[in-house]
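Peer 1: Residue numbers (my numbering), protein chains in the order written: chain U, 1 to 170; chain W, 1 to 798.
I should point out that these hints are in silico values taken from the structure, not numbers from a laboratory. Please read these numbers as outputs of a predicted model, since none were measured by experiment. Cβ coordinates follow ideal geometry from the N, Cα and C atoms, glycine included. Some clues are possibly wrong.
[What the hints assert, rightly or not] Restraint ranges, calculated between C-beta atoms of paired labels, are given here:
#1 W:Leu46 - U:Leu65: 25 to 33 Å
#2 W:Leu46 - U:Thr19: 16 to 24 Å
#3 W:Arg712 - U:Gly47: 25 to 33 Å
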Amino acid sequence: MSTLAHDISLEVNGERVDTRVDARTTLVDFLRDALGLTGSHVGCEHGVCGACSVRVNGTVVRGCLMLAVQCDGMRIETIEGVADTGEIADLEQAFIARNALQCGFCTPGMLLSAQELLMSMPRPGRAEIRAHLSGNYCRCTGYQSIVDAVEAVAQARAPRRSAAREDAEK
Amino acid sequence: MKVAEDTPPTLSALDRPNSYIGRSVPRPNLARLAKGRAQFVSDVTLPRMAHVAFLRSPHAHARIVGIETAAAGKSPGVIAIVTGAELTKVISPWVGVLTHLKGIKSAPQYAIAVERACWQGEAVCAVVARTRAQAEDACDLVEVHYEELPAVTDPETALDPGTRVIHPDLGDNLTFERTHAAGNPDLGFKDADAVVETTFVFGRHTGVTNEPRAIVADWNSAEARLTVYQGTQAPHMMQNLFAKHLGLAEHQVRVVTKDVGGSFGIKVHCYADEMAVVALSKLLDRPIKFVADRIESFVTDIHARDHRIKAKIGVKQDGTITAFEIDDLTGIGPYSVYPRTSGIEANQIVNLTGGPYTCPNYRARARVVFQNKNVMCQYRAVGHPIATAVTEGLVDLAAAKIGMDPLEMRRRNLIPDDAYPCSGASGIKFEALSHHACLAHLDAMMDYAGLRSEQKRLREQGIYRGIGFAAFIEVTNPSAAFYGVGGARISSQDGVTIKLDAQGAIICQTGVTEQGQGAEAVIAQVAASAFGVPLERVRVITGDTDNTPYGGGTWASRAAGIGGEAAWQAGKALRANVLACAASILQAKPESLDIRKGIIVDQAKGAERLSLDELARIAYFRPDTLPPGFQAELMATRHYVPRAWPFAFTNGIQASYLEVDVESGFVTLLKHWCVEDCGTVINPQLVDEQVRGGVVQGIGAALFEHCVYDERGQLLNGNMADYLVPMAAEMPDIEVGHVVTPTADSELGAKGAGEAGTAGAPGAVMNAINDALRPLGAKSLTEMPFTPARILDALGRI
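Looking at chain W on its own, in the form it has when it is part of the complex:
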């Protein structure tokens, strides 16, 4: 079995004698998941719990004329039927804007639609019953009278004067617009020997978490507290939102997150139906459970990536890129999603396009418009797959135009590894990246020259294989610059509390959350290393606002880089406290002692002086034997937030090798490579698996995944039989390599790794398909997903 190496590395300044940094130790929480003993929110039941089912609008846009509930109210098991208007007495509406996205606007959104439904799938009425089945039975008996309104479904015409304005109070359908220019783009294009211009289209797709969104809300009026079990990435953010919109103080709200069946950014937003669940619990004073079914997931889980980008690149005959230009148009749905907004993806595309390259001339425009479709918001690698595919698609087209090898073209334009710190064309700041080291590593790992000769040989036999590259940058470890400065109560700092238990083990509580990526393992590894105990003596507690330090949770690949650094600092602080106590017991100097493998030893010789168990016994049960005035402090908390850089950018490069069947249009993925640089690698196996999982999500976008809407705003394929996701048989093996450039912003030096795979894969696959078809004179494929029909169309066969 190809288990990644788990050999303790050579000690660095950062390492301690029993370091787990850089080791592929297994995650501590896997056995319960493998044995069916986990607890997902969909497994939670509480006494007196009732279930809610939502009646959802079948229309993309409709006025709600009336709701008749009498028949439904008599249905067996029904406890309450609640409309949007009734729920406004309990919960206030919200508006998804941030002050640093200048000019962004949205309309008030309600937990359940009031007067008007704005997309197919928006909840218009809630039915609470003893069982979910009974609630669904009664939903069938609720009669809603709609007056269908014209649906705005084409972003291209959303701003036309003749198009209906979805929210008349806002004046138009423009959510957000940003323009940006750097250097002299006009001169850049004038100086170019060749200019390539094309339009890229990205299919709207969604996260398809295996466990749908799930929530159990339990308002207990006897203690005036709301406890919410929720599959979420950000418990403290949700605590704030529940409190704010129910009119409670935050300390009256506890959010508990147990095992989460996949999130990928889907579960970091405020969903109207989940807000309705907490409101219903408050209204009915009992626990209410809601688990979205798969059809509901497709019409209500945030969608992403519905972008049309007109793009242009200028290039000299020697391969020098002289300018980039993009014009992005994206249709997001009827509301900007709260509280992160739906302007961020377009904003990221403006920030990231052209990012890996030295080209100083750049012009960008992004427009975000309202639509009567499901809402769009941040999903894994927000904006990156689009910016990367656009940039890398342009680079490949330019290379083909001037007859240059695509890898050579990249070698000539990637920012030199010794140029840092520096800024990208859009003004983003890079601390230290390693594009050229990654490219060289990839070149060798994939045997590029060998593959090219194989490709040539097979073409002569009528077999069309393609090689595609995608260099990328990734935003990780966000500071307050992402959301906090815009007024959202989304914490960029995070904390770790470590306490010594009465037998010498340590318990770590942290605000970062486990979504399956391995946050618990990483926190445990770092804390064990910093403090000095074997991993078996570390327990990690996450996902409970009552019992963890305040923090942001899991998003933008922050758990290892930010939570890890907090764990490192907390571990060191507790070690100092424990050594102070040991010194007082042993009548030694603290600096002459150390903790190694769970034992207090002599710093110089390593000889055992005192077990942690014994120290805990004395400190907790016989403090009377300690010197007068000495108080042992056996719990330490440290917080961390990046300050020197707004984000820790990472970088890397991917390659795809595939074969296109020119008769059927089917693509067979043969192999995929990714070399990335996420700084200090805490657990190599976990990083590799983040990359692999991310790559496959990116492949899904490139080849399969598409939420198909008709012109009336009806989702045509909202089920897993018609919406295709990557399954085992179609996926390639993925080879992962690393270059390590730690960030100097933290002692640990770790950056994020969660989005690298998803960022680069679609562009790499796109370029590989076009590379395969180029000798056949096919039109360039730039509209994802690349279905067999689109490939045959590009070949002129249909």
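Looking at chain U on its own, in the form it has when it is part of the complex:
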């Protein structure tokens, strides 16, 4: 069965990638198989489990529901890239301290979703955290430890955030 191939140029974790992909290749398969970025995981391939979550132009999307060709000209960030910049170092630490991961297969997606929430809502309550993470399936933890970790980071970031705002206002 033939598939159409397309040339695409995109930015992945700050590096430019110029390549040719089959039209049918999903973003997550492209990242994992073509680029070796195996931190994004394939759990259900139909958009339910959230293990394949990556950021496209700053927005968290499901890597199994987007095709690589759709990402031509776009900026992609995977867990490897986001972890390397230190952007979520506090979240990672909180997850580790609270044992908010067991097998860890959902964790990259969970961290990206949690970061998305904390960027848009500085002090989410537990119900809001649970609601925002409800598109990320975790079979191991029962979620409470994850909610605890995200809540703790929200609290720890809050003074920093208000201090930054005050600085900006000065």
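Here the structure of chain U is known, so what remains is to put chain W in place on it, guided by the hints.
Peer 2: Leaving out everything else, chain W in the frame of chain U:
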């Protein structure tokens, strides 16, 4: 953040000066998982690797008339197309029976179906290609001609004379039957003031591991060795099975298990498609990769819990339980799963029902029948959630019938904490349990009286909340009694090797495996404590049959209790060896020295005598300076298996508090509590998280999860949009409490904690729903999952 306490506890006889026993230290392997730097088997690629896709039967039962592969063979990237018959030249079939399950029978199962497919999803042909996508493309071009056969899909009629026998050679569709009687059940029911009888139905469900099953098999004919990267709980068991069925010696097979994306019992079985992958690697002499997709997972990962139980309890007006009786019927699929069999869950239900209570009169029958559906086998808490829900459902119904508070009813019947050692009604032996201490702890923790008054107040406002309890027992730390005595090469013992490296750190190799539960952390904590080094100087290696002591792996909550004890003994042995070496260097008596925080010190005063780094330097690089005849032995191995008791039973009690919307039938979980006793707690945070994760899996069974089959054996909801799993928004916070009764079978005293949550949660949720609806005169809900439709039906609203 509610991080569990990590303060060194008061020293016990077991503790060493720098003990990590009882401390909530973080697991050593989490950073790589959090940063996307882990390596799951689905991430593994090898040179020359090809991918396999399986063509699977769309019918529940069909004769394979012919397979046409010519068109598929011309598809781009195709390397080979292999049928079941062709694969039998490489791999032999197997039969999933154990000799101690008397009378259990099954038929030979092949890696790929030969002549006949017996469930929807059974592989009938393999296509190997350069990429998975190309293999799937070619699968579409393979033409299989089927002659559809009648499917056996209703366990109730599976044994009727008119029902087709799935395996004619076996004579009937009965896999296994067990009957059991204790005391005098007839007299027990005769003496009762009230007898309650009902039927419980448990929905067939599955594990839904986030990472599907994954395997890369690499047969290298140049060295006559097979290396298998596999997401498995039991590498040595798989080594044995691969060798046995490929006709190799075990030393020719190496199984490597890296990070595993969830297992819960799903990944402790022999799967036909994984056997096909190793066979294809041998046949094609190159690495072959298979990762199940989600749809394949739903139709091939083992299912569990499809049980219908008719149950009866006798009770006196003062609450005394006089008798239990159960009749269990379960339909398992067309084969008993190899090598653990599909008879164990029913067997467990017979063993465990009524287990927490003093009632001596018990009668049980369990029948396991073949079905043309996906296979069923052991999944987290095997049998426990069923036995517990049946027992606790009966206790609640009996309490309601005689007008007694359900917690009081339990208080009057639970085996007294000072009665041990003793046996349960089914003959299971208890070393020491703590039901009453757990119940008292739970009562206080949840403020039971306060909740009851809140419930009463809200009922007056038309808000229906319910409180449900489930006392439970859990089988952990299994001895050879579980599988070994039945002839399966599944090791109940496990080992730990600890060696001192050349800078004074220790490397622990163990046969228990990390599945995310924290085995590496627990082994590291115990080894560090026993030997005497800080945790930063401990590395743990698991999941490699070439590089770990022979062991059983992870199942039945054995890693901490069995692997932990082996680590404790190995740590002590290495300490003795190192102190002998230090004594020879320092010209001191070994008993006058100790190792603390990585330094050899004077036993009495704690003064530093020698660093481990320096000792290692001398022992490894200047042994010429040691006294003549002294040889330092800086590696020690110890094995452990429980001997005094066949299993270390644990116990506990859970409570669920929830609200039922009587208009929509929706259940909102408000809070959940669990008090459990797993003996010595090595890492409190890890135990709590095992309990929480387990509770949520049990809640899934109670409210959401169900593999729905139609009468032709078609799975109707084999995807994650239609098969519901617990997600964050619907789950409650779960409070966990502990009572500590160590097992005397080991020095460490640890029992397992992995199944307690799953064992009790479904029963607790069921009882809470019925408690909420009782004032409305609803029918008792006893068929899981408790969907809104079933709740509205019980209320008579639909």
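Peer 1: Would you mind marking each hint as holding or not holding in the structure?
Peer 2: Okay, the hints, checked on the actual structure:
no., hint, in the structure
1, W:Leu46 - U:Leu65: 25 to 33 Å, "holds (29 Å)"
2, W:Leu46 - U:Thr19: 16 to 24 Å, "holds (23 Å)"
3, W:Arg712 - U:Gly47: 25 to 33 Å, "holds (29 Å)"
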